[in-house]
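K.L.:
Chain A is already provided as a structure; the job is to place chain B on it using the hints.
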Amino acid sequence: EAQVTQNPRYLITVTGKKLTVTCSQNMNHEYMSWYRQDPGLGLRQIYYSMNVEVTDKGDVPEGYKVSRKEKRNFPLILESPSPNQTSLYFCASGWASYEQYFGPGTRLTVT
Amino acid sequence: KNQVEQSPQSLIILEGKNCTLQCNYTVSPFSNLRWYKQDTGRGPVSLTIMTFSENTKSNGRYTATLDADTKQSSLHITASQLSDSASYICVVETTGANNLFFGTGTRLTVIP
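Each protein sequence line maps, in turn, to chains A and B.
Take 1 as the starting number for the first sequence in this note's numbering and just add one per residue.
Take 112 as the starting number for the second sequence in this note's numbering and just add one per residue.
Derived contacts from chain A toward chain B, CB cut-off under 8 Å, selection only: (1) Leu41; (2) Leu43; (3) Gln45; (4) Phe90; (5) Ser97; (6) Tyr98; (7) Phe102; (8) Gly103; (9) Pro104; (10) Gly105.
Label-pair ranges, simulated between beta-carbon atoms: (11) A/Gly63 with B/Thr167: 40 to 46 Å; (12) B/Phe141 with A/Lys65: 31 to 37 Å; (13) B/Thr137 with A/Lys65: 29 to 35 Å; (14) B/Thr131 with A/Ser67: 39 to 45 Å; (15) B/Glu165 with A/Glu62: 33 to 39 Å; (16) B/Leu122 with A/Glu70: 40 to 46 Å; (17) B/Thr131 with A/Asn26: 33 to 39 Å; (18) B/Phe141 with A/Asn84: 30 to 36 Å; (19) B/Lys128 with A/Leu11: 38 to 44 Å; (20) A/Pro61 with B/Asn166: 31 to 37 Å; (21) A/Ser67 with B/Thr205: 25 to 31 Å.
Keep in mind that the hints were calculated from the coordinates and are not lab data.
Bear in mind the structure is a predicted one, so any value in this text is a computation, not a measurement.
The beta carbon of each residue, even a glycine, is placed where N, CA and C say it ideally should be.
Bound-form chain A, shown alone:
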């Protein structure tokens, strides 16, 4: 089944404790992206990748890191999470940015 998977789906952590949210797709897509979604603000792009080893900042990259060592994986890294990074996170992939398939989401709470 073609899909985008994210892990974990739910995470509660404390300020400053490094964490990684994994994203994997099995559709051989070149394009992958991370978003956060907050009430009243809609989806905002954090980082995106046009292909392996090619990543770029989106609208709200501060406090986040990504890597794209393999085509199928695009992990999101929070080196030192803060409460303002409490949000719902979505990974997406596609052949291009206009045809994106979204993952199921990761709900992160930072206390």
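P.N.:
Leaving out everything else, chain B in the frame of chain A:
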């Protein structure tokens, strides 16, 4: 300033009725416009994608229109069902790499 505005913010309709959601944008230069459906707590799912030359596109009971001159799009839902209850998000992309502008969505609730 590139912006995407959706209206109304929320809408409640009776099952079986039709409704229309609006998306106005100031994004330029325009490449394409997409409508997504997002069920609560889940990832958005694409409904339609329209380029500059397309002014209507349908996906089952969903019909999207685009007026590139006035920079307006609408999503019309026919014969609504309870499963249509969701947020509908309008996304506009400019030409060039990865320039996406998201609306904040319209929350639709269909009641029996």
